[in-house]
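Colleague: Residue strings, one per chain:
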Amino acid sequence: MTRTLILLRRRLIGSIFVLLIVVIGTFLLLESAPGDAVDAYIASTGGDAGMIELLRHRWGLDQSALTRLANYLWALLHLDLGQSVTFSRPIREVILQRLPNTLLLMGSATAVSFGLGSALGIYAGARPGSFRDRFLSIGSLAVYAVPGFWLGLVLIIVFAVDLRWFPIGGIESLASGKTGLDRAMDIASHLVLPVSALGFIYLALYLRMMRAGMAEVWRQDFVLAARAKGLSRRRIVLAHVARNALLPLVTMLGLQSAQMLGGSVVIESVFSVPGLGRLAQEAVAARDTPLLLGIILTSAVLVVIINLLVDIAYTVLDPRVGASEASA
Amino acid sequence: MNPLRRFFRTPEAVAGAIILAALCAMALAAPLFFPGDPQAIAGPALLPPFQDWSLPLGTDRLGRDVLAELFHGARTSLAVGLAAAATALAVGAIVGTVAGFAGGGVDEVLMRITDAFQTVPSFLLALAFVSVVGPSLGVVVAAIALGAWTGPARVARAEVLSIRERDFVAGARVIGMHPLEIAFREVLPNALPPVLALSSVIVAAAILTEAALSFLGLGDPNRVTWGGMIAEGRAVLRTAPFLSIIPGVALVLTVLGVYLAGEGVVETTAVRRSLS
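Chain order of the listed sequences is Y and C. Numbers 1 to 328, taken from UniProt numbering, label the letters of the first sequence in order. Numbers 1 to 276, taken from UniProt numbering, label the letters of the second sequence in order.
Any given hint might turn out to be false.
[Unchecked claim] Computed Cβ-Cβ distance ranges for the label pairs, DEER-style:
#1 Ile16(Y) with Pro194(C): 27 to 35 Å
#2 Gly14(Y) with Leu180(C): 49 to 57 Å
#3 Asn71(Y) with Leu180(C): 38 to 46 Å
#4 Leu96(Y) with Leu180(C): 48 to 56 Å
#5 Val106(C) with Val161(Y): 29 to 37 Å
#6 Val106(C) with Tyr123(Y): 46 to 54 Å
[To be verified] If you want a taste of the chain Y side facing chain C, the calculated C-beta under 10 Å gives, among others:
#7 Ala145
#8 Gly148
#9 Arg287
[What the hints assert, rightly or not] Chain C side only, calculated, beta carbon under 10 Å to chain Y, not exhaustive:
#10 Phe123
#11 Thr254
#12 Gly257
FYI, nobody ran anything at the bench for these hints, they're computed from the structure. Think of the CB as a built atom: it goes at the ideal place given N, C-alpha and C, for glycine as much as any other residue.
So here's chain Y without its partners, still in its complex pose:
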């Protein structure tokens, strides 16, 4: 356990630096945008020059960029992300309201793609060079080339418009009054298509990684030893080859989390899922820079947390990781 803690402490310190760079970098990028929150507000409500001056002063926009960055960082320490102009509510509230939907979407897509992808990868990698191996490899390459948002549209055409198996969009039926299990089933049926659209490409990725990893492991001596020992083929495949090939997939789980968050922006827009990604698009459309900044920060923190979790999983799965640091 100390091994995990030591590794975790080191990663946490590193992450804080990285997040600081993200905050400053994004702040400066969005700062260079023409027009500010007051312009956006006045454009939607109207108002005279005196009103503009007043708002600039009240929101602290008449100060220098450096002062505002300092103010922003100070507020951030208190977990205050500022006020959203578009929603007239604290940004933290808006984001926290949308976050669960994105987490649900991402979590389900990750679980499905990781589970199915690694299972199919084991199936393909159990007999390298066989027909099913070649078929799955080429098939997964083809899947890997399909853009998620387009797949989403095709799924809508087939399963929502033609077959009417699943709803066309949203996260749950509006004003259905469903509770408990009924509501969960309702949300699940809304999630089937977006999760497939988001997860399909990762399914292919995990399949390919698992297969490639197993092809490597097959060549190692301990597999020969296991065979010589007279272990059944099934046991060699599952307990020796697949198990060793699984580790890089866990690493990938952390690495692709940022990518998946980005992908969910488009998927949420296709399926009108009220999540973080759709919020980002709304922020862009409304030129709500503080909101966009808050969303980028939230996703960066999310990515850091996911990677920390992956690190913990890694030390549990592989006793070699971090062992040298713990003994030092």
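Assemble chain C onto chain Y, guided by the hints.
Modeller: Using the frame of chain Y, we list chain C on its own:
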């Protein structure tokens, strides 16, 4: 056996090369076959495909020729994909070389910046960048490159770390070459092969990102893009699904072609390396 023949021995690589060649032909021939503005009205609105042979793939909501748009869209997709990938590879190779060769504080700072870029979802970054600077072809290229240079940077750095310990680098130092000259004329060229091996993945990702950006309406409004066509067709998804399906198929084929050809190249060079 020469590398070209070895490349064409695997069926996957041949398929990839054919797709890419067809795509390049489409992109180059677009102004020949379809001179004039592809966004101009060419016939009745929402004509289904294969009805009228002067408009083989039909027309969209505004009566624009889908085939003409498809050809011109190939130009945008290829141009943006290649330019963004080239920028990302160049920036990544330079940053990685400087970080690996300089070491110490420079390395630490550059790598933390790389970490920061990898922590922010690259699509969100591209979205923010385009919304700040305004959509145009160059901005879209820069926005995509912004999220794609980190991979090449890491690979280049790892490679440079091992190359800088070799004898020829020590030799260059002894004859008094400037460190920058050593880094960029001696070390960088030798570190390039594994970085370039990433190019097919990066080109493919760049094409997909461009499509997603223009799907969300953040592409260059004066250019036809496949992503934009898909978004256009979305409004009539129930009645004319072909409008979204056709450009999507083109997109899938393009990306598939890039992957297949890329795998072929990697395999060819891997065989050559194991032979030598």
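Colleague: Look at each hint and say if it fits the structure.
Modeller: Hints versus structure:
no., hint, verdict
1, Ile16(Y) with Pro194(C): 27 to 35 Å, "32 Å, holds"
2, Gly14(Y) with Leu180(C): 49 to 57 Å, "29 Å, violated"
3, Asn71(Y) with Leu180(C): 38 to 46 Å, "40 Å, holds"
4, Leu96(Y) with Leu180(C): 48 to 56 Å, "49 Å, holds"
5, Val106(C) with Val161(Y): 29 to 37 Å, "56 Å, violated"
6, Val106(C) with Tyr123(Y): 46 to 54 Å, "47 Å, holds"
7, Ala145, "4 Å, holds"
8, Gly148, "8 Å, holds"
9, Arg287, "7 Å, holds"
10, Phe123, "3 Å, holds"
11, Thr254, "8 Å, holds"
12, Gly257, "8 Å, holds"
Hint violations for this structure: numbers 2 and 5, all remaining hints satisfied.
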